[in-house]
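Could you put together the complete structure from these sequences and hints?
Chains as they are written, first to last, in numbering that gives the first Met the number 0: chain X, 0 to 176; chain Y, 0 to 417.
These are calculated hints, taken from the structure and not from any lab test. Quick caveat, the model's predicted, so the values are computed rather than measured. Mixed in with the good hints there might be a few duds.
[Said to hold, decoys possible] Distance condition first, Cα-Cα at most 20 Å in a straight line; then the derived SDA-like pairs of lysine to any residue:
1. X/K78 - Y/K157
2. X/K78 - Y/G70
3. Y/K157 - X/S90
4. Y/K60 - Y/G70
5. X/K78 - Y/R72
6. X/K78 - Y/A206
7. X/K78 - Y/A67
8. X/K78 - X/P116
9. Y/K367 - Y/F396
10. X/K78 - Y/K367
11. Y/K157 - X/T89
[What the hints assert, rightly or not] Some chain X residues judged to face chain Y by a derived CB distance under 10 Å, without partners named:
12. P28
13. A31
14. I33
15. I38
16. D43
17. H92
18. Y103
19. D109
20. A114
21. A125
22. A144
23. N160
24. D167
Glycine included, each C-beta is placed from N, C-alpha and C at the ideal position.
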Amino acid sequence: MSWINRSLALLALVFSVTGAQAQTVGRTPAAAEIAAWDIDVRPDGQGLPQGFGTVARGKTVYAENCEGCHGVGGIGGIKGGLVGGQGTLTSNHPIKSVGSFWPYSTTLFDYVRRAMPYPAPGSLSAADTYAVVAYILSLNGLLPANGRLDAKTLPKVRMPNRDGFRPDAEFSQGYIP
Amino acid sequence: MQVPPDRNHVPSVRPTRRNMLVAGAGLALAGPATAETLADIPDRAPGAPLSGHSERSSYVKLSRIPEAGPGMRHVDPADAINSKAPLQELVGTITPSDLHYERSHSGVPDIDPDVHRLLVHGQVERPLVLSLDDLKALPSITRTVFIECTGNGWENWKAADPTLTVQNTHGLVSNNEWTGVPLRILVDLVGRSSGSTWMLAEGGDGAGVARSIPLTDEIIDEAFVAYGQNGEPLRPAHGFPIRLVTPGLEGNLHIKWLRRLKFGDRPWMTRWETARYTQLQANGTARQFQLRMETNSVITSPSGTMKIKPGRNLIRGLAWSGHGRISRVEVSTDAATTWKECRLVGQALTKAQVRFELPWDWDGRPTKIVSRSTDDAGHIQPDRATLIAQTGTNALFHYNAQQTWSIDLSGEVHNVLD
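In structure tokens, the structure reads:
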């Protein structure tokens, strides 16, 4: 692969000659612009927005926005993946759902906020996103019926399969789950 | 078989079989054309006018097959999650752009490049917004690499459906020439902080597909933001106007419709690196960040559902490895008992597909044919028993076991496990 390194070294040379122009490539985004696009959420909670949502409110949000595809109570829809499957991961037909497989509750918030509801991603408010996430977690027995979630409490919901992942050393950059 | 509707065309008067067929064709009874003697070959005639765009020959039918999960084939395209490349019809190593396999999580967005932007931010000194023109103004590289969905091969984890073609079993890999801006240039432009060891790459599709990419030396040296595919702008299905290319690594990391790169000090644990694209092992734990696509190969001809005749046959196939360059491909025509080294056709490039060939005289007796590749890092494509012993049958992704095709007495070729 040394040809790659060689050509990259050459590229770097070409580029450093024009380095003075570097500042003129692209433009600096305003902080508000970045904030509008900065939707990712990490397991430590970084990226979670203000606001809160309750399981009770989430039931309504779910009925209005999700049930058509994911089924009543997360069962029987055209798209599964929300509930069930605990205890199946070593069987011949493992069922990977939020409750049986997902290691981090924050991933659910991140994913619903970026990708769901499928026809109109990004259409839920932060409060309704917390609410529907709370509802899905309650369906999996991970929050009580009177539960509520916000930026502080969501990362603390420990998922049943939290310890089920083994990152490859070559690509994990020293990260230990 | 079709005669151009040309007034100047003088029908041949030679009493050939072709003329008899043409007479029949007047009644739209087109039988298979033959050219048993040179006299059967149609006369020359002026052809169609020149055009702004070359279509395939009307005699060539090539298409991908949209499919859903393992065992869920022949689905409505609206229910498909991927579309597989017709490996059995392709020659050489470059997959035509319109046949490059396709996988998406929320369809193919229709993006106007003038209003598409790439935001680069996070743990950097200078966050930047770049337009397509900005990217094109930067130094570029051009490189041929394979991209492979980690689901390639997933039909055969638990059982082998004998009706599958190589398109069904292995059509989730393709090989294209990509052009774009090296990641290293972007990294230097924004001034990545020394503590940022990961980069989130996010697409502008409905799902906002996002992956945490570890900033290893290899990835910083080799990844690039591509705007060119086989000499033209990317096709929409493949990320127009820009996608990330991470040579040798999981297809899902090659984020299409790229709109954001964010630097940070740990992985984000998106749905695609936790719930999806992790490999469940027999003990119930899942391998995560198994990003490299392994050493692989498949015989594309003769392959599933084809029929061969006794005598000389040319075995052909494709080999590739995310570890580097394919150094050797061997084929067994006696069910993995003895192996012969194949000729590699053309130059094997690192992290790209190479074609292999082996002439073979089939004696007409039932047998099994199978290929195995070795790369320049010394990795040998495993047989099925070895792979399954290591990972079980629930991994769903990263199936790179040797593919076996059985050949029965009549010459029919079928998918089998081993």
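So, going through the hints one by one against the coordinates:
no., hint, in the structure
1, X/K78 - Y/K157, "23 Å, violated"
2, X/K78 - Y/G70, "17 Å, holds"
3, Y/K157 - X/S90, "13 Å, holds"
4, Y/K60 - Y/G70, "24 Å, violated"
5, X/K78 - Y/R72, "17 Å, holds"
6, X/K78 - Y/A206, "15 Å, holds"
7, X/K78 - Y/A67, "13 Å, holds"
8, X/K78 - X/P116, "12 Å, holds"
9, Y/K367 - Y/F396, "25 Å, violated"
10, X/K78 - Y/K367, "39 Å, violated"
11, Y/K157 - X/T89, "14 Å, holds"
12, P28, "5 Å, holds"
13, A31, "12 Å, violated"
14, I33, "5 Å, holds"
15, I38, "7 Å, holds"
16, D43, "8 Å, holds"
17, H92, "9 Å, holds"
18, Y103, "5 Å, holds"
19, D109, "6 Å, holds"
20, A114, "4 Å, holds"
21, A125, "16 Å, violated"
22, A144, "25 Å, violated"
23, N160, "8 Å, holds"
24, D167, "5 Å, holds"
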